[in-house]
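> What follows is each chain in one-letter form.
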Amino acid sequence: MLLGRVTGTVVASRKEPLMEGMTLLLIRQIDVDDSDQDGYVVAVDSVGAGVGEVVLYASGSSARQTALTKDRPCDAVIMAIVDTWEVDGDVVYSK
Amino acid sequence: MLLGRVTGTVVASRKEPLMEGMTLLLIRQIDVDDSDQDGYVVAVDSVGAGVGEVVLYASGSSARQTALTKDRPCDAVIMAIVDTWEVDGDVVYSK
Amino acid sequence: MLLGRVTGTVVASRKEPLMEGMTLLLIRQIDVDDSDQDGYVVAVDSVGAGVGEVVLYASGSSARQTALTKDRPCDAVIMAIVDTWEVDGDVVYSK
Amino acid sequence: MLLGRVTGTVVASRKEPLMEGMTLLLIRQIDVDDSDQDGYVVAVDSVGAGVGEVVLYASGSSARQTALTKDRPCDAVIMAIVDTWEVDGDVVYSK
Amino acid sequence: MLLGRVTGTVVASRKEPLMEGMTLLLIRQIDVDDSDQDGYVVAVDSVGAGVGEVVLYASGSSARQTALTKDRPCDAVIMAIVDTWEVDGDVVYSK
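Residue numbers (my numbering), protein chains in the order written: chain A, 1153 to 1247; chain B, 1153 to 1247; chain C, 1153 to 1247; chain D, 1153 to 1247; chain E, 1153 to 1247.
Excised from the complex, chain A in its bound form (with noise of 0.2 Å):
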């Protein structure tokens, strides 16, 4: 999984079928210091995440073993809010 902050929303009316219902968010990664990265990916939300909140995301099949997202072209999906951090025993990050 790869840390990464909800930055906004994705809108797609026209799409296949299985998508319909799915929350699209855009997510820009992060390092383990907290700083933005370059790298972005849209993820389907399956725990009900906001945008500024900072997540953990699962990428490739993994991303459709979720309830919500078995079987569908889901290729990212976020399945937890992160509510701390630590790295070498000091806190980079908390909610």
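Calculated directly from the structure, the hints in this document are not laboratory data. Hints may contain errors.
As the list makes no split between identical chains, a pair holds if one copy fits it or if it spans any two.
[Said to hold, decoys possible] Below 25 Å or equal to it, Euclidean Cα-Cα: the simulated DMTMM-like pairs (lysine to aspartate or glutamate) are: (1) 1222 x 1172; (2) 1247 x 1183; (3) 1247 x 1172; (4) 1247 x 1223; (5) 1222 x 1190; (6) 1222 x 1242; (7) 1222 x 1188; (8) 1222 x 1185; (9) 1222 x 1186; (10) 1222 x 1183; (11) 1222 x 1240; (12) 1247 x 1186; (13) 1247 x 1205; (14) 1247 x 1188.
Since chain A is already given, all that's left is putting chains B, C, D and E on it; use the hints.
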């Protein structure tokens, strides 16, 4: 999923029989500010996208989760045409 | 899928029994302007491609969705020989 | 698999139910000379690794092949704690 | 598949039970001109490769398609020892 702009078409008459009838589109990857990126991908179109449109595409095994691409040697599929997206509350792109 | 040019062959007499009889081709990745890129991949040929031809190849589990490669330890397969592609209405490559 | 050093922990109380009880560790990727690399990953721990230890982790669908992670939305798992490795006959790392 | 040179071994006594008995080799990625690249991978050996040999390895779920690695948390497998390869008609490498 990633954002991309449909920039062209690929024609291949000699191909794996399972790929017969698939429309192959050339997708230029774009960044969240709507600028072109270096990467590209050739994706099967499952939603009737046209050249110039901004789309979302899924990669890997997730690209085989549409009715059209199931069990086919396809690793990228366009599964939505993007209407709009927002970053930090500002609309970055609107169709 | 990605575009590549067949640039050579790989011979490996000692291999996983499931790979016996597979033709292994060396593919140079190319960009949408038909220029060579740095990356390469060794792919199984499912369509009878020859050195110099431009092909499409699929990666990952999608590379095992041809009759030839099913259930084999193969993560890249040539699934089409490209005739032509267009970018923004201009033909970039024609066989 | 890739080599990494466990550098921290991630806490996420709100998450996909299937991820309940999983220990999430922050892994700094390391090179074969034991130096830190830029990349990181958050992986589920299936072997009881501790901060500071060098581990091997598997990514993608292979990360779901442990008893702990089966059918869960997890795309990285620590599946071994490294004792030692050699390059060209020289021991580079020893626990 | 990608080309690599076996450069060493990794020993891990504490590991996922499903990885018991697997030989873990350190593979330096090489380019098509036989030069070393920056990347590496730790792969399970299914063909009896030795240090110094050039091999082909498969990644992702394809790495679990050998009798040895089936259903194990392994994302890279050596599935062939390379005898020779040619680029544009010239032999680049011969064992």
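> Check each numbered hint from earlier against the structure, then list the numbers of those it violates in ascending order.
4, 5, 6, 7, 8, 9, 10, 11
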